[in-house]
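Asks: Using the sequences and the hints given, assemble the complete structure.
Keeping their order, the protein sequence lines are chains B and W.
Per my numbering, residue 1 is the first one in the first sequence, and the count goes up by one each step.
Per my numbering, residue 1 is the first one in the second sequence, and the count goes up by one each step.
Calculated directly from the structure, the hints in this document are not laboratory data.
Every value quoted in this text rests on a predicted model; they were computed, and no experiment measured them.
Note that CB positions come from ideal geometry on N, CA and C, so glycine has one too.
It is possible that some hints are incorrect.
Heads up, simulated DSBU-like pairs for lysine-lysine below, C-alpha to C-alpha not over 30 angstroms straight-line [unchecked claim]:
hint	chain 1	residue 1	chain 2	residue 2
1	B	Lys68	W	Lys409
2	B	Lys183	W	Lys181
3	B	Lys337	B	Lys347
4	W	Lys269	W	Lys175
5	B	Lys160	W	Lys175
6	W	Lys409	B	Lys160
7	W	Lys269	W	Lys370
8	W	Lys241	B	Lys183
9	W	Lys370	W	Lys308
10	B	Lys68	W	Lys420
11	W	Lys269	B	Lys170
12	W	Lys290	B	Lys160
13	W	Lys269	B	Lys160
14	B	Lys92	W	Lys409
15	W	Lys294	B	Lys160
16	W	Lys222	B	Lys92
17	B	Lys160	W	Lys284
To spell it out: a stretch of chain W is covered by chain B in this simulated footprint if at least three of its residues, at any positions, have a beta carbon under 8 angstroms from a beta carbon of chain B; those stretches are [unchecked claim]:
hint	stretch
18	100-107
19	388-394
For reference, the chains in residue letters:
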Amino acid sequence: MSASMDAAITARPLDEDKNAQDKKKASARSAKVRNGFEITVLSAPAIIVFVFFVIVPIILGAYYGLYKWKGFGSPSTTGTFVGLQNYITALKDPTFQSAIGHTFLVLIGSLILQGPLSILFALLLNQKFKGRALIRTLIFVPYVVSEVIVGTGWSLLLQKAGAINALLEKMHLAGIDWIANPKYAIWTLLVIITWKYIGFAVILMLAGMQSIPEELYEAAKVDGAGFWQMQKDITLPLLAPTIRIWAFLSMIGSLQLFDLVYIIWGQYVADTAGVSTMATYMVREGRIAGNYGYGSAVALIMFIISLIVALTYQHFVLNRDLDGALTDAKSEKKRKKKLMKEQQMAKEAIAIADSEVK
Amino acid sequence: MKFKTIAAATLAAATMFSMAACGNNGASKADDSTITFWHNSTAGEGKQYWDDVAAAFEKANPGVKVEVQSIQNEDFDGKLQTAMQDPSTGPDVFMQRGGEKTEDLIEAGQLMDLSDKIDDTIKTDMKTALTAATFDDKVYGVPVSVEPGGLWYSVDLFKQAGITDTPTTWDDLLKDATQLKDAGIDAIALGAKDAWPAAHWFYWLALRECSPKAFQSAVGDKDFSDQCWVDAGNKLEDLNKLGVFNDGFLTTSAQQGASSSAGLLANHKAAMELMGAWEPGVVKDLTPDKTAMKDLSYFAFPSVEGGKGEEGALMGGVTFFSVNALAGDNAVKFVNFIASKENQENYAKAFSTIPASEPARNVVTDPALKTVISYLDKAPTMQQWMDTDLGSNVGNALNTAIVNMLTGKGTVDDIISTMKSAAAK
Chain B
1 MSASMDAAIT ARPLDEDKNA QDKKKASARS AKVRNGFEIT VLSAPAIIVF
51 VFFVIVPIIL GAYYGLYKWK GFGSPSTTGT FVGLQNYITA LKDPTFQSAI
101 GHTFLVLIGS LILQGPLSIL FALLLNQKFK GRALIRTLIF VPYVVSEVIV
151 GTGWSLLLQK AGAINALLEK MHLAGIDWIA NPKYAIWTLL VIITWKYIGF
201 AVILMLAGMQ SIPEELYEAA KVDGAGFWQM QKDITLPLLA PTIRIWAFLS
251 MIGSLQLFDL VYIIWGQYVA DTAGVSTMAT YMVREGRIAG NYGYGSAVAL
301 IMFIISLIVA LTYQHFVLNR DLDGALTDAK SEKKRKKKLM KEQQMAKEAI
351 AIADSEVK
Chain W
1 MKFKTIAAAT LAAATMFSMA ACGNNGASKA DDSTITFWHN STAGEGKQYW
51 DDVAAAFEKA NPGVKVEVQS IQNEDFDGKL QTAMQDPSTG PDVFMQRGGE
101 KTEDLIEAGQ LMDLSDKIDD TIKTDMKTAL TAATFDDKVY GVPVSVEPGG
151 LWYSVDLFKQ AGITDTPTTW DDLLKDATQL KDAGIDAIAL GAKDAWPAAH
201 WFYWLALREC SPKAFQSAVG DKDFSDQCWV DAGNKLEDLN KLGVFNDGFL
251 TTSAQQGASS SAGLLANHKA AMELMGAWEP GVVKDLTPDK TAMKDLSYFA
301 FPSVEGGKGE EGALMGGVTF FSVNALAGDN AVKFVNFIAS KENQENYAKA
351 FSTIPASEPA RNVVTDPALK TVISYLDKAP TMQQWMDTDL GSNVGNALNT
401 AIVNMLTGKG TVDDIISTMK SAAAK
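Replies: If you want it as structure tokens, here you go:
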């Protein structure tokens with residue numbers, strides 16, 4: 001049937017039609033050009049900034065990382081080419097290994113501590129009660145305060161002879177050396193981080209909860225569901241995209257953790273106190289020690305570790321939220337195909353089950 | 001396609017531009033009438049002194065402007081290094097402390113050789129201090145102060161613990177520290193957060209334990225094989241085991257605020273501190289009423305029984321000001337200006353320290369500083385601070401390894417091995 005229709009179309013020898021087609025083609029071409037021009041102009045600022053402040057520094061960093069270089073002059077004149085030696089030294093350095101360990105401890109610790117806590121807080125703040133706005137603000141305040149103030153404040157409070165220990169003493173409890181004792185320092189840091197960043201998590205969760213349709217809860221209530229059951233079966237599943245995005249942001253933040261540690265423990269003793277992170281290691285061994293080549297190598301290792309973590313998370317966890325945004329159409333199609341196949345199989349299974357029942 | 005062309009063109013232009021930026025090291029600074037001047041006093045009379053000197057220089061040289069920037073001490077080296085990535089936009093005159101950091105700058109051709117440009121009075125009046133700014137017989141800086149280290153203590157607290165004579169031997173020091181502790185006083189303030197204050201204890205013990213030859217081969221060739229380094233570490237362990245440092249010394253900073261180690265001494269919360277001769281000036285800003293600490297006094301680092309070091313040798317720093325290799329004549333004029341006797345006298349008063357110029361030392365009235373000068377006159381040599389001499393790379397590794405040892409995270413042997421691995425970075 002279709003073959004005959006095609007024949008019918010091509011068989012129509014109409015000049016005006018051809019003319020129109022040409023016009024259409026031309027306008028399509030000009031639209032395409034205009035489109036391309038618009039894309040270029042509109043994205044150029046972003047691309048230029050991205051290239052100069054992200055791509056070029058990464059390439060330069062990788063290049064500096066190949067030299068033993070003190071930061072004066074250019075690496076090719078005042079430095080010594082050492083190949084991959086800087087990378088090997090860094091990966092073999094037990095101080096860097098422990099810094100990586102601390103970073104990942106903070107990463108996991110933040111997820112475990114902040115996740116459930118922020119959901120609970122958001123649940124509480126999602127209820128109607130007096131003074132809700134005030135509490136919402138209070139929880140968000142630490143997130144707004146600058147890291148330097150938070151670090152200075154907590155380090156004064158948590159000193160051996162600081163306010164917290166004085167308070168504990170009045171309650172007849174013996175205070176410990178919260179920040180100077182390597183045994184406790186990392187846990188103190190985790191608590192401070194939780195205190196500082198939980199406001200952000202709570203706001204995200206709250207926004208997520210408010211986008212859940214009220215009808216679902218009403219229907220559940222009619223069906224006789226209790227409060228916790230509703231949270232478990234409605235809130236949590238529908239909050240999942242928010243939780244996944246929050247976890248991603250939290251992970252990226254943990255991988256870059258620097259300022260709080262730097263303020264509380266200073267330039268040198270973060271490793272001694274057992275709270276060094278990849279970033280503080282990079283600054284201490286690269287910038288402060290004046291080993292700019294080595295520091296660049298460490299920076300690149302940090303970049304690769306972060307990239308691996310981010311890509312892995314995106315691939316396995318985030319991709320379902322990012323359909324059409326970051327992933328291309330192909331993978332979306334692939335996933336849809338897979339889904340259809342699964343549904344097909346389920347149908348078949350049901351059919352088989354049906355026939356067996358019969 | 002169009003985008004690709006544009007992108008390629010931008011990238012090419014950028015590459016050429018950055019290459020050109022790398023290649024302009026030979027050019028001199030365009031504007032000689034403005035001098036950018038970097039120093040490290042951020043508060044009090046010290047900051048005021050530099051502002052006054054700059055104003056006086058501007059008055060004496062009409063048309064010249066001095067842009068004074070005061071930079072926090074701990075940030076100074078890092079900022080300087082960043083600024084000197086491009087010397088043509090870096091500061092013209094800046095503070096230096098000698099050792100390998102200065103040598104790195106000289107090697108990169110960024111410091112001006114001042115040998116023929118400084119006044120003759122500097123060469124005579126600052127003869128001893130000038131050696132710290134001299135490398136390969138060339139002068140690269142004009143000194144302003146000489147800061148030997150030693151133990152600064154509170155006379156009142158020593159009295160309160162029943163100590164009459166200041167300790168002259170290491171064993172005496174251990175005994176006195178215990179006595180202070182038993183009297184319920186924190187014997188020694190230690191600002192280990194900055195690492196170097198803790199490391200000073202090790203440097204001094206090494207200076208007493210090691211023969212001058214062993215000491216030189218360590219700072220010169222980074223050879224720490226002599227037994228004296230282990231002995232010095234063990235002696236420091238002995239002190240550490242007594243538990244005489246202030247609580248939480250790991251997160252105590254050296255100079256910032258009342259809870260810093262200098263602040264503890266200033267407020268009679270600890271009895272002594274091992275520090276350089278800048279201590280009276282630092283302590284002055286940290287006492288409750290911001291006046292000089294009345295019962296502050298000084299004694300030299302005690303001798304160590306069986307030590308091979310020179311009797312009475314001192315260790316300390318010399319602060320000097322170097323000139324950017326690309327700077328103009330006005331910058332040279334400025335460093336000569338700050339070295340005048342009058343400015344040196346004012347410097348000594350403002351910073352409560354020992355000026356580099358020997359004739360200017362007459363204005364020092366602080367009894368503790370006078371004691372330091374008397375030790376200085378007697379000392380056979382004054383070594384540069386070890387971390388300065390070793391450079392920030394190995395020096396920082398040494399400092400943090402010592403802090404590690406004091407907190408029980410490392411051993412004496414780790415100090416030596418950490419320095420070796422730092423040299424590989």
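Asks: Hint by hint, note whether the structure agrees.
Replies: Results of checking the hints against the structure:
1. Between the alpha carbons of Lys68 (chain B) and Lys409 (chain W) the distance comes to roughly 29 angstroms, so the proposed pair stays at or under 30 angstroms and holds.
2. For the hint linking Lys183 (chain B) to Lys181 (chain W), the alpha-carbon distance of about 25 angstroms falls within 30 angstroms, and the restraint holds.
3. For a cut-off of 30 angstroms, the pair hint linking Lys337 (chain B) to Lys347 (chain B) stands: about 15 angstroms separates their Cα positions.
4. In summary, the hint linking Lys269 (chain W) to Lys175 (chain W) is supported, as the alpha carbons are separated by about 19 angstroms, within the 30 angstroms threshold.
5. Distance hint between Lys160 (chain B) and Lys175 (chain W) is fulfilled; the C-alpha atoms sit about 26 angstroms from each other, no more than 30 angstroms.
6. With a C-alpha separation of about 19 angstroms, the suggested pairing of Lys409 (chain W) with Lys160 (chain B) holds against the 30 angstroms cut-off.
7. For the proposed pair Lys269 (chain W) and Lys370 (chain W), the alpha carbon gap of about 25 angstroms is at most 30 angstroms, so the pair holds.
8. Between Lys241 (chain W) and Lys183 (chain B) the alpha-carbon distance is near 19 angstroms, which keeps this suggested pair within the 30 angstroms criterion.
9. For the hint pairing Lys370 (chain W) with Lys308 (chain W), the CA-to-CA distance comes to about 28 angstroms; that is within 30 angstroms, so the pair holds.
10. Restraint check for Lys68 (chain B) and Lys420 (chain W): the C-alpha separation of about 15 angstroms stays at or below 30 angstroms, so the hint holds.
11. A C-alpha spacing of about 21 angstroms is found between Lys269 (chain W) and Lys170 (chain B), which places the hinted pair at or below 30 angstroms, so the restraint holds.
12. With a C-alpha separation of about 25 angstroms, the suggested pairing of Lys290 (chain W) with Lys160 (chain B) holds against the 30 angstroms cut-off.
13. Our distance criterion of 30 angstroms between C-alpha atoms is met by Lys269 (chain W) and Lys160 (chain B), whose separation comes to about 14 angstroms.
14. Between Lys92 (chain B) and Lys409 (chain W) the CA atoms are separated by roughly 19 angstroms; this keeps the pair inside 30 angstroms, and the hint holds.
15. The suggested pairing of Lys294 (chain W) with Lys160 (chain B) holds, with an alpha-carbon distance near 28 angstroms, which does not exceed 30 angstroms.
16. Annotation: proposed proximity of Lys222 (chain W) to Lys92 (chain B) holds, straight-line Cα distance about 22 angstroms (limit 30 angstroms).
17. Using a Cα cut-off of 30 angstroms, the hinted pair Lys160 (chain B) and Lys284 (chain W) holds, with the two alpha carbons roughly 25 angstroms apart.
18. For the stretch 100-107 of chain W, the assignment as covered by chain B holds, since 4 residues bring a beta-carbon within under 8 angstroms of that chain's beta-carbons and 3 suffice.
19. With a threshold of 8 angstroms between beta carbons, the proposed coverage of the stretch 388-394 of chain W by chain B holds, since 3 of its residues qualify and at least three are required.
In terms of the numbered hints stated before, the structure departs from none.
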